[in-house]
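Enquirer: The lines below spell out each chain.
There are 2 protein chains.
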Amino acid sequence: MKYALHCFAQSGNAYKAALMLELCAADWEPVFVDFFDGGTKTPEYLALNELGEVPLLEAGELRLSQSGVILDYLAETLGRFGPENAEERREILRWLLFDNHKLTGSVSTLRFRRTFSEHGEDEVSAFLETRAKGALGVLDRRLTGREFVLGERPTIADLSLCGYLYFTDEIGIDPRDWPSIRAWLERIAALPGWRHPYDLMPGHPRPDTP
Amino acid sequence: MKYALHCFAQSGNAYKAALMLELCAADWEPVFVDFFDGGTKTPEYLALNELGEVPLLEAGELRLSQSGVILDYLAETLGRFGPENAEERREILRWLLFDNHKLTGSVSTLRFRRTFSEHGEDEVSAFLETRAKGALGVLDRRLTGREFVLGERPTIADLSLCGYLYFTDEIGIDPRDWPSIRAWLERIAALPGWRHPYDLMPGHPRPDTP
Chain A
2 MKYALHCFAQ SGNAYKAALM LELCAADWEP VFVDFFDGGT KTPEYLALNE LGEVPLLEAG
62 ELRLSQSGVI LDYLAETLGR FGPENAEERR EILRWLLFDN HKLTGSVSTL RFRRTFSEHG
122 EDEVSAFLET RAKGALGVLD RRLTGREFVL GERPTIADLS LCGYLYFTDE IGIDPRDWPS
182 IRAWLERIAA LPGWRHPYDL MPGHPRPDTP
Chain B
2 MKYALHCFAQ SGNAYKAALM LELCAADWEP VFVDFFDGGT KTPEYLALNE LGEVPLLEAG
62 ELRLSQSGVI LDYLAETLGR FGPENAEERR EILRWLLFDN HKLTGSVSTL RFRRTFSEHG
122 EDEVSAFLET RAKGALGVLD RRLTGREFVL GERPTIADLS LCGYLYFTDE IGIDPRDWPS
182 IRAWLERIAA LPGWRHPYDL MPGHPRPDTP
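So the sequences go chain by chain: A and B. Those letters in the first sequence? Residues 2 to 211, by my numbering. Those letters in the second sequence? Residues 2 to 211, by my numbering.
If we strip away everything but chain A, and leave its shape as in the complex, we get (with noise of 0.2 Å):
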């Protein structure tokens, strides 16, 4: 199976995807979307995905969104960094969970705000910021005496709620600064295979900056 996966390079969310399918070495190739010119809001991406996000990955006549379903169906065609009983299934199901609401839904945000927008410092940056650091404290108890989210082994959730965190100068707060986060990612960079997201996927630096 050849996948192709429309992504871009400042996306931790397409990370996620990227990141597995070059951890189970699979046959893959980038499709770059032009999300700084609009890329995800056209008619025609929309008809793709009407989420009107990356990542997006065809695999033959599939075509699945939502990073969560990409590493769920991935997992399981690939057979790697997945579950291994229901009580597993439902475990990664919970971290994936809380990656998209609360640890993603607010990394994302605040990185995009101090990074890529016109925005700078503002009421909206410090609540963010607040709501960050209390995942990121929720992730570090996780992983005090764990090596992996779910034990000694890497899933998929270990993909996803790292899909921002190799943006360490973006955020403006530093992942590393908690103690079990700091090690655990550099235990997934250690990976066989591991690539920083700006080495993975296509359109960095931003593309309007010459």
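If you're looking for bench data, these hints aren't it; they were derived computationally from the structure. Please note that the accuracy of each hint is not assured.
In silico DSS-like cross-links for lysine-lysine, where the CA-CA straight-line distance does not exceed 30 Å [what the hints assert, rightly or not]:
| no. | chain 1 | residue 1 | chain 2 | residue 2 |
| --- | --- | --- | --- | --- |
| 1 | B | Lys134 | A | Lys134 |
| 2 | B | Lys3 | A | Lys134 |
| 3 | A | Lys3 | A | Lys42 |
| 4 | A | Lys42 | B | Lys3 |
| 5 | B | Lys3 | B | Lys42 |
Model the placement of chain B on the given structure of chain A, informed by the hints.
Expert: Same frame as chain A, but now just chain B:
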């Protein structure tokens, strides 16, 4: 099986699970969590759910948190509102994740600031309102020409997405202004066993209000 659901009336996330239990005529009882008095952050509660949130479902020996995990589990064990094949399973997961990330992620926080905190209107409420309207727009387009999110049959995707949308006068924007959402909310409310969150869970009005 007798279920216990840790919850409080104002929580739309707990409502997602409570509504599922009620629509399935399951044997369940609510366990009141005094959120407004710090009840989700006590050491005792954190020992039950490290995420420090409701809902938490007790089902025999199992303790499950994250509404999406609980819905997935109940659909499987109660045999209703779940997927019928792998494609539907992925589609339900896609909308559960969208709900957590984009819809509940903005609507619940916006409502909290406007109705249950001292903040009042500021840059944060404006920011959240923009995000909430964007997510409601995506959902409204999805529901145009469909009875429910997956088509003709209600699933746990609907029960998740509607979680905060019956608090119509507490959000500061009315979900019923989106016509396909309005019709869909009426369709869900017409399902046998449907009840409003304030009629289904304890703790309303807000416990510290006379």
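Enquirer: A separate judgement is required for each hint: does it hold in the structure or not?
Expert: Outcome of the hint check:
1. B:Lys134 with A:Lys134: holds (26 Å)
2. B:Lys3 with A:Lys134: Distance of about 37 Å is beyond 30 Å: violated.
3. A:Lys3 with A:Lys42: Cα-Cα ~26 Å, so holds.
4. A:Lys42 with B:Lys3: Violated, at about 47 Å.
5. B:Lys3 with B:Lys42: holds (26 Å)
Against the hints set out earlier in the document, violations occur for numbers 2, 4.
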